[in-house]
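Visitor: Sequence:
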Amino acid sequence: MKKMILMVLLAGCSLAASAQKEKYEATMTELTGQLQNEYQKSVMPLINKMERVANAETREWLPQYWVAYGLIKESYTATGTAEKDVMLDKAEQYLNKADALSPKNAEIEVLKANLSSARLTVDPMARWQKYGALFEQHLTEAARLDPQNPRIDYLKASNIFFTPENFGGGKEKAKPYFESALKKFEAFKSPNSYSPAWGKMESEYFLGQ
7 MKKMILMVLL AGCSLAASAQ KEKYEATMTE LTGQLQNEYQ KSVMPLINKM ERVANAETRE
67 WLPQYWVAYG LIKESYTATG TAEKDVMLDK AEQYLNKADA LSPKNAEIEV LKANLSSARL
127 TVDPMARWQK YGALFEQHLT EAARLDPQNP RIDYLKASNI FFTPENFGGG KEKAKPYFES
187 ALKKFEAFKS PNSYSPAWGK MESEYFLGQ
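To convert, count from 1 in the sequence shown and add 6; that's our numbering.
Please note that the accuracy of each hint is not assured.
Claimed, not checked - Below, computed lysine-lysine pairings styled on DSS-like, alpha-carbon distance capped at 25 Å:
1. K136 - K27
2. K177 - K206
3. K27 - K55
Said to hold, decoys possible - Label-pair distances were calculated between CB atoms; the ranges are:
4. E44 - D152: 25 to 33 Å
5. Q40 - E147: 36 to 44 Å
6. Q135 - K179: 15 to 23 Å
7. Y45 - E147: 25 to 33 Å
8. A62 - F173: 18 to 26 Å
9. K189 - N61: 17 to 25 Å
10. Q26 - P197: 18 to 26 Å
11. R133 - K195: 33 to 41 Å
Read the hints as simulated data drawn from the structure, not as lab findings.
We treat Cβ as the ideally placed atom computed from N, Cα and C, and that holds for glycine.
All chains should be built: construct the whole structure from the sequences, respecting the hints.
Guide: Written out as structure tokens, the structure reads:
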């Protein structure tokens, strides 16, 4: 009888865990899709929802990653320098949490490069030396870990695209990297529906420019 009760309890726990996992995956899929595809309005409501997931799922690196991603994205629409830096400071905290949970992760290194780029754009003249070097450092590490990650070429391309021609940038020099990114996107297989997939739509947009 005791054995039967134990089996029933274990089955109940297994069903509850399965239901919790399904709910987590559904929530993550919905939020990450919206975070990556929203360009018309603020993503702060989505960030707040993802932050609640991150605070509940403290052993999962992806919710931490996505809070950081959203804050970096939102920082580009903020107007004041202080406001941008507050967002990026918070993004870095969540990115560090993701890194602690999943070290030597190419996607995290790519987002670190994205964070460095966002830091630089707050005050390019004062910050290019420090954050330009960090941008290259993190992309180099990402390429070492996963050379076929398409977001590496996308970030290289967008950085070159917005760099003035007299400093070695410009549209023509960026074009091959956007093309390379799209080629890699065609072969790239995401491990699940809520892993990073950003960069393809952006690469297509910039190539159209």
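Visitor: Just to be sure I understand the hint, the distance between the Cβ atoms of E44 and D152 should be within 25 to 33 Å; is that true here?
Guide: Since the Cβ atoms of E44 and D152 sit about 26 Å apart, the hinted range of 25 to 33 Å holds.
Visitor: With 25 to 33 Å as the target window, see if Y45 and E147 comply at their CB atoms.
Guide: holds (28 Å)
Visitor: Confirm or reject the claim that Q135 and K179 have a C-beta distance inside 15 to 23 Å.
Guide: holds (21 Å)
Visitor: Do the alpha carbons of K177 and K206 lie within 25 Å of each other, as the hint requires?
Guide: holds (17 Å)
Visitor: Could you tell me whether the CB distance from Q40 to E147 stays inside 36 to 44 Å?
Guide: The hinted range 36 to 44 Å is violated for Q40 and E147, with Cβ atoms some 29 Å apart.
Visitor: Within 17 to 25 Å: is that where the Cβ-Cβ distance between K189 and N61 falls?
Guide: violated (38 Å)
Visitor: Take the C-beta atom of Q26 and the C-beta atom of P197, compute their distance, and say whether it sits inside 18 to 26 Å.
Guide: holds (20 Å)
Visitor: Under the criterion that the straight-line Cα-Cα distance not exceed 25 Å, is the pair K27, K55 satisfied?
Guide: Cα-Cα ~17 Å, so holds.
Visitor: I want to verify a distance hint. Is the separation of the beta carbons of R133 and K195 within 33 to 41 Å?
Guide: With a Cβ separation near 36 Å, R133 and K195 satisfy 33 to 41 Å, so the hint holds.
Visitor: Do the alpha carbons of K136 and K27 lie within 25 Å of each other, as the hint requires?
Guide: violated (41 Å)
Visitor: Is 18 to 26 Å a correct range for the gap between the Cβ atoms of A62 and F173?
Guide: Check failed, 45 Å falls outside 18 to 26 Å.
This entry does not satisfy hints 1, 5, 8 and 9, going by the numbered hints stated previously.
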